[in-house]
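**Q** Spelled out, the chains give:
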Amino acid sequence: MKNVKRIELVVDSHHVDRVVGVLLAAGVNGYTVLRNASGWGDRGDRHPDGITGAFENCLILCACDEAKAEKLGELLAPVLKKYGGVGLVSDARWMMR
Amino acid sequence: MKNVKRIELVVDSHHVDRVVGVLLAAGVNGYTVLRNASGWGDRGDRHPDGITGAFENCLILCACDEAKAEKLGELLAPVLKKYGGVGLVSDARWMMR
Amino acid sequence: MKNVKRIELVVDSHHVDRVVGVLLAAGVNGYTVLRNASGWGDRGDRHPDGITGAFENCLILCACDEAKAEKLGELLAPVLKKYGGVGLVSDARWMMR
Amino acid sequence: MDLSLLVDNLRTPAILFFALGVLAAVCRSDLSLPQPIPKLLSIYLLMAIGLHGGVELMHSDLGARVIGLLLAAVVLAAIVPVWSFFVLRLKLDAANAAAMAATYGSISAVTFITANNFLTTLASSDPAYTPGGYMVAAMALMESPAIVVGVLLARWYAPSSEGTPAAGDEQRPGLAGHGAGDAGGFRDVDWGELFREAFLNGAVVVLVGSLLIGLAIGDRGWESIKPFAYAPFKGVLCLFLLDMGLVAARRLGDLRRAGGSLIAFAVLSAPAHASLGIAAAWLLGAGQGDALLLATLAGSASYIAVPAAMRLAVPEANPGIYVTMSLAVTFPFNITVGIPLYMAAIDAIWT
Amino acid sequence: MDLSLLVDNLRTPAILFFALGVLAAVCRSDLSLPQPIPKLLSIYLLMAIGLHGGVELMHSDLGARVIGLLLAAVVLAAIVPVWSFFVLRLKLDAANAAAMAATYGSISAVTFITANNFLTTLASSDPAYTPGGYMVAAMALMESPAIVVGVLLARWYAPSSEGTPAAGDEQRPGLAGHGAGDAGGFRDVDWGELFREAFLNGAVVVLVGSLLIGLAIGDRGWESIKPFAYAPFKGVLCLFLLDMGLVAARRLGDLRRAGGSLIAFAVLSAPAHASLGIAAAWLLGAGQGDALLLATLAGSASYIAVPAAMRLAVPEANPGIYVTMSLAVTFPFNITVGIPLYMAAIDAIWT
Amino acid sequence: MDLSLLVDNLRTPAILFFALGVLAAVCRSDLSLPQPIPKLLSIYLLMAIGLHGGVELMHSDLGARVIGLLLAAVVLAAIVPVWSFFVLRLKLDAANAAAMAATYGSISAVTFITANNFLTTLASSDPAYTPGGYMVAAMALMESPAIVVGVLLARWYAPSSEGTPAAGDEQRPGLAGHGAGDAGGFRDVDWGELFREAFLNGAVVVLVGSLLIGLAIGDRGWESIKPFAYAPFKGVLCLFLLDMGLVAARRLGDLRRAGGSLIAFAVLSAPAHASLGIAAAWLLGAGQGDALLLATLAGSASYIAVPAAMRLAVPEANPGIYVTMSLAVTFPFNITVGIPLYMAAIDAIWT
Ligand SMILES: Nc1ncnc2c1ncn2[C@@H]1O[C@H](COP(=O)(O)O)[C@@H](O)[C@H]1O
Ligand SMILES: Nc1ncnc2c1ncn2[C@@H]1O[C@H](COP(=O)(O)O)[C@@H](O)[C@H]1O
Ligand SMILES: Nc1ncnc2c1ncn2[C@@H]1O[C@H](COP(=O)(O)O)[C@@H](O)[C@H]1O
Ligand code: NA
Ligand code: NA
Ligand code: NA
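Residue numbers (my numbering), protein chains in the order written: chain A, 1 to 97; chain B, 1 to 97; chain C, 1 to 97; chain D, 1 to 351; chain E, 1 to 351; chain F, 1 to 351.
Chain A on its own, in the form it takes in the complex (with noise of 0.2 Å):
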């Protein structure tokens, strides 16, 4: 098992492309996206409800390593403050495959 850095991020829908964007910018080797997310935050209440699609959240989960979490640290950052929603990073091991 090596050490590897947990990235977990949740926007809104419509952004995932470009977070995905991002992580593929920055070289990471997998990611995982899960929609149908709701939640509260500084941008009020988000809660996906089928007509407008403009409430609907998504999380998305990066495993890589900590160089490549740190430089997507920097550039998620403009990314989180422009178009909302937040980041979250921890430690993990990678299991072995």
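It is possible that some hints are incorrect.
[Stated by the list, open to error] Some residues of chain F that are not near chain C, with every Cβ distance over 12 Å (derived):
(1) 5
(2) 63
(3) 124
[What the hints assert, rightly or not] Simulated crosslink set (BS3-like; lysine-lysine; CA at most 30 Å straight-line):
(4) 226(E) with 226(F)
(5) 5(A) with 5(B)
(6) 2(C) with 82(C)
Honestly, the hints are just simulated from the structure, not real lab data. Each residue gets a CB set at the ideal place from its N, CA and C atoms; glycine is no exception.
With the hints as your guide, set chains B, C, D, E and F with the ligands onto chain A.
**A** Frame of chain A, contents of chains B, C, D, E and F with the ligands only:
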């Protein structure tokens, strides 16, 4: 980036409003909810069946500071005890935005 | 609160039963499954299309003690190798209930 | 008993699809109708039955007999849980007995719909078998009372530490000083929330709302939505029962765990409660169609509205028991054997 | 004004289901139609209206009057956001004013469908009330222009630091040196993406595509799919409006926060813009049916296509404002009071 | 070849909606029908085609010719994968070749339905084009055999370390000593599971179950569900094909990666296998309608049942290859060009 606690709860979908009420009472700044989870635990198999709605789980994710996490641990214990469900607390860093 | 390991797996939805079988074989006390995940990794783009069902991922979350996590790391490695998917292990504390 | 009623019933498309679902689940097929398909189907069914009932109701004259039937329905829904509770206490703790009592006092809309379906052929040859639109109102009235009765029973007979926690209750730090409002009502039952669950549950709202809309729109409105709300109804029921079969059969594991005496209750309470319905209908001079529906309502058990309410108000009760009994035993019993059985009994008494 | 138009409209099944949804949400019922049911229903409605419009269009002859109507539609969709923007700037910043202006310049397909519905009874007695299939084309043409205009306004009037970040912009480390392409276009608006959102938004594609398919398949093709695309249409609309009611009422919290002057805009802009539509229709010699639809399109506001585009192009704008106004104020106003009002005005002018 | 057949086919609503889906995806529209809408639609289609086939089957007399056709169907489904495997081995490893061989041996229900659709107009003028209800049974019989053959081929020709791991296999610590049962059958193929996947796959169960139910319910039962299972069928097919177009076109990236020779196989195998079907139908003296359906079944490739089974039994194979070829090449080929082509060939031979 600042250090935060990452609180992760898995509860019956019917109890999300209650649990969220507790989170708000503790003064957190945001949370995220993923519905439609299945699982297995002390209360047996739980698998959303779409008819009864009685066996659907939800995952709730909340990042907050250590003091609030402490408080939440206290406030949530009786809730989890009475209504079932589990809670995990881990360390994370909050991305600048 | 007691210390636990937090195991997070992303696998093809068709393999959830197998992976859960391994979790149970290792003696865990519970797990949670979130379906309908998309993602990207060594096996390319995976996005649930609703027609073939062939490209849907699942996120499996399991909290267990260190010994079981150790054992799971061993048991799951060949599974992830053969069937694809990733596993992350991190530290967490289990909320009193 | 006229066996042909039973055989005819078992050859109905809807029942056969239920059987297909059960078979598929028993053989561990991967067939499933994922969320929210069943939700869509059940909202459709409730909406369609409500609208149709409302339109029919508009055409009926509501005499004393109808009022009597509606009253009988409410009374049945309120007393069934009481006696059930005391019977079930022999085997279950207060919380589980109360939840299950509420389940059996309330009704299953799909069982009602199946009974309606069953009547269509009979009604075409003899109008006494045509049920009145007010029977949909009876169903709507029977959904909620049992929930309230169930929760009252659970509170009354709960071990005192559960119902009325002492001020210094050690197991609830942080809540003792906050009051129920603060943390969402964990101290005691929140009556506002309970009434909301009982009377404003999604299923109840769609049914009652559609009934009232059916009353309001008149024939012209009904004609405009009939191709949606009436024509495909029996087909949608097939699809829904396919899923019911899958879901019911997948609870068979819980069933085994629950044990024989509960299964016996789930099977025997259906004809027992149905008999009360038949007796009431007979005393009130109802037609055979109305009698069958009242019997079916009384004999059926809830698996949507009640579980939702009980998860909130009696969380100590295990839905693996009360939902399983209702869904995997009483429901299949009623739609396959029960309905023809009640019909045969009614035919025997009425003629 | 002929009040019977209003009363008749309020007794339509679809409107009553909308009211039921609002009521259920206000009473905090747990009723919901989870994702993706509403998506299925809205795709169905767009597909059905598009096909029907296409088939009708095939049978119409497209003279100068029709071309005039289509042109008027596009012009209305492009100028409404401009004046709206400057009015809204009194209360909102550039981003929010632009997003809301785009919202009100574009259209709501369900409002259009409701107006169509409204016309069916009138049309059966007087053919002047039968709208032409080209009005669906007018709707399709009005979806997108406002999006482009809105984004242009947002860029033009944005605080300069937003629109054109300085090279050393401290708040965007790592992006300043990368250029827009690298990180997905965060520096400035990505016009390719914007046009894709405006003209290739799912709703637009289904509507325009179905219209063209309706034109292509001929009567035989239409007959084969009519039992799907035509017969159950009004019923599906009921189900969809039930959900619209739920969703609209659940945004009432945001409404209170937004304040009175925005609500006034949301209510008053509808008849104001509708008047422009009526004037255009009158000048072009359109029939009463076409006039009502043009008025309704002009008076309605988007809550699907525009929000999707604005999230991407003007992320600083708060959908809690522009979606809420459109969905929870203008939409209910139009389908309940607006449409009969516009009809009454048209009747008064035309006769 | 009679080009009007092709042109008429391309103007069918269903085909046009498929094209719309492809176009939307190619233009990168955000249009999508999220899960589980497509699942609902495909269960509906299988249920409807099964019921209709069952009802028709009840009315047919099952002579030797029908038995012959059913037998021919099974034989085709079992031998197509064998020869395909050896051809595909030239380009692919054993696992991928086997998965793809299974895919092409099995069938696509929607292609079958499209062919059925295609026949309706022809059948109205000449009864020889009316297919028998037993062709639905033929389809059901062709779903599963190829799965079993495919897995056998994969096991047989797999590199030995894959199929039978040595006791000390280093790459599988912890499993070597546990046996297959323990960890869920990772050591080798689990035949019980495989047969369950092959014969109890959801799609197979709904199709076969509905066929049997169609046989059982009689004309009265069928009449009661026809407004659901028959009238809207072609419209639902349009909606489903819209999604198929979206999904197929979104796999075009994988297609490019897979390379020309596989694409050639995906295109050319369809008429090749269809010819086998035509030959069998000719030898058995079938009508033109039955012949077209047998050809279409033989020429079509699975993208539901087989991928599900292969994910479990041959996980080394890449669904990005076999699903993509079937869905993004063979399916579009068959529904647009293939079916009219096979019909033209049959017409030429039969007359
Ligand atoms: N403290 C938090 N913990 C977990 N999720 C959060 C938190 N704050 C915000 N979120 C999620 O991120 C989304 C966007 O946040 P915001 O941009 O602050 O409105 C919210 O709708 C939540 O789903
Ligand atoms: N050890 C665990 N790891 C992850 N999820 C769990 C665990 N135990 C329970 N859960 C989840 O929490 C839900 C409720 O747990 P319980 O109240 O123990 O039945 C289960 O249905 C699971 O989804
Ligand atoms: N580095 C990663 N971080 C998060 N999720 C990943 C990562 N790599 C792969 N995944 C997920 O695991 C699935 C299977 O991975 P793979 O077997 O590598 O294709 C992918 O489709 C992703 O959803
Ligand atoms: Na009852
Ligand atoms: Na407008
Ligand atoms: Na084939």
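**Q** Going through the earlier hints one by one, which of them does the structure break, listed in rising order?
**A** Failing hint: just 6.
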